[in-house]
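Which chain is which? The protein sequence lines are D and U, in order. Remember, this note's numbering sits 2 above the position in the first sequence when you count from 1. Remember, this note's numbering sits 54 above the position in the second sequence when you count from 1.
Hints may be right or wrong, so weigh each one.
[As the list claims (entries may be wrong)] Here are a few chain D residues that face chain U, going by a calculated C-beta distance under 7 Å: (1) H47; (2) L50; (3) N54; (4) L57; (5) A63; (6) P64; (7) C66; (8) P117; (9) G181; (10) R182; (11) M240; (12) P273.
[Unchecked claim] Some chain D residues flagged as far from chain U (calculated, every beta-carbon gap over 12 Å): (13) F157; (14) M158; (15) E198.
[Stated by the list, open to error] With a cut-off of at most 25 Å between alpha-carbon atoms, the simulated BS3-like pairs for lysine-lysine come out as follows: (16) D/K116 x U/K116; (17) D/K53 x U/K189; (18) D/K116 x U/K98; (19) U/K57 x D/K45; (20) U/K116 x D/K53; (21) U/K192 x D/K116; (22) U/K88 x D/K116; (23) U/K116 x D/K60.
Everything labelled a hint here was simulated from the structure, so no lab data went into it. Glycine included, each C-beta is placed from N, C-alpha and C at the ideal position.
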Amino acid sequence: MLKKADFRDVVVEMLRRAETNLPDDVLRVLRRSGKRERSPIAKLHFELMMKNLELAKKFWAPICQDTGTFTFFVQFGRGLKLNFDLEKTIGEAVALATREVPLRPSVVDPITRKPAKPNTGRGQPAVHIELVGGKRLQVDLLVKGAGTENWGRLFMLRPVEGPRAIERAVLLTLTEAWGRPCPPTVVGVGVGGSMETAPLLAKRALLRPLDRQNPDPTLAKLERQIERAANRTGIGPMGLGGETTVLRVLIERAVCHAASLPVAIALQCWPARRAKAKLVGGRLKVVEP
Amino acid sequence: MTKLTPPLSEGDIRRLRAGDLVTITGRIVTARDKAHVRITKGRKSPVGLRGGVIYHCGPLAKRTPKGWQILSAGPTTSARMDPMQVEFVKRTGVRALIGKGGVNEEIAGQLAKLGCVYLAFTGGAGVIAARAIEKIEKILWEDLGPAEAIWVLRVRNFGPLVVAVDTRGNNLYLREKR
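Let the hints inform the model, and build the full structure from the sequences given.
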């Protein structure tokens with residue numbers, strides 16, 4: 003039986019690691035992208051980015067002062083027994099991590115703008131629970147700062163416009179945002195579904211490793227095509243020009259109404275922070291980063 | 055690499071060109087949305103800012119027995135302060151803004167007239183920034199909360215920063231768009 007205290011401690015550990023380290027795939031893609039840059043300013047940005055990551059890791063200090071808001075995706079096996087409130091415990095872990103890591107208190111009431119209890123409140127952290135078969139348990143965490151979250155967009159496009167319209171929507175989002183979401187960004191795209199599921203697909207897409215090909219060949223091709231177009235904009239690191247505007251475009255799809263083409267775009271800043279925990283030999287463990 | 059040591063004169067600033075790299079040694083002062091609102095609505099800045107350097111930043115700090123310690127302090131998105139930017143510079147007389155993402159073209163033009171540059175720092179470089187802070191001189195307007203308060207910081211070799219908007223109206227953020 004999964005113990006509440008163990009589960010909470012693992013979530014705290016996920017937050018600590020996500021804020022101070024990046025997953026290996028992100029590091030690999032950052033290194034590879036940095037080598038392509040020719041402009042001295044773009045090179046300088048990559049140098050500072052990599053140096054900052056080293057320092058963050060060395061001192062267990064959060065990479066960015068905007069320790070963000072949190073989205074948890076939980077895959078919970080129907081065969082597992084549970085005697086505590088999963089969502090509430092994740093909230094407790096966020097409050098605990100806010101003190102211990104520590105995280106910046108960034109969460110406020112949307113109307114009064116008064117601080118909410120340590121980074122928690124109605125809807126925060128966001129927890130999406132999916133029931134799966136067997137005794138599987140996996141927790142994925144996505145950390146997002148406001149710099150990128152503010153540039154997320156939802157488009158309800160004309161179905162006849164097809165894949166070209168998806169590319170245009172991404173390019174419009176990137177050029178409007180320019181240097182503000184801390185490029186090079188990872189672009190999560192949710193295609194199809196509805197006006198509430200497309201954004202969730204876009205966020206889920208951001209959980210995928212950056213250097214693995216999309217198993218869906220149509221989407222793999224579209225991802226490459228949009229990546230090339232995005233990097234041709236010249237926006238570059240921090241919007242000051244360069245070869246790398248996006249580290250990766252990741253697309254997820256769902257079926258939709260014949261008369262709709264929802265396209266949601268979730269940008270993630272270059273410190274693409276995420277963490278993963280899984281059951282390993284019956285114990286929940288942080289496996290990434 | 056140009057070393058800037060505030061307070062800065064108009065001459066110091068007008069010599070800088072877009073694309074130059076600079077570091078700062080001396081005093082910088084953080085201000086985010088709420089401090090900008092207060093100052094542009096007429097409250098006097100609680101710290102002298104003439105010739106000063108404003109840092110768009112809401113630091114992540116930890117309270118220790120010896121006082122606050124800043125752990126991560128990278129730049130925040132300057133564009134949120136766009137509607138207040140020109141008025142803020144006029145009222146305070148600051149000579150440089152440090153942030154990320156830039157300011158819009160109209161504001162860049164106004165800053166040029168006022169003799170104020172925009173210095174771009176790498177977003178997400180929170181630990182590099184924190185480690186360049188030698189001392190927290192003062193924390194003012196703490197009622198705004200730790201991220202929105204005004205932190206008066208003494209820094210050494212803070213940067214490198216890129217001069218992204220200079221006083222001749224050059225704006226690196228727009229170069230690629232034209």
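Exercise. Going back to the hint list, which numbers does this structure go against?
Worked result: Of the numbered hints given earlier, the structure breaks none, since each of them holds.
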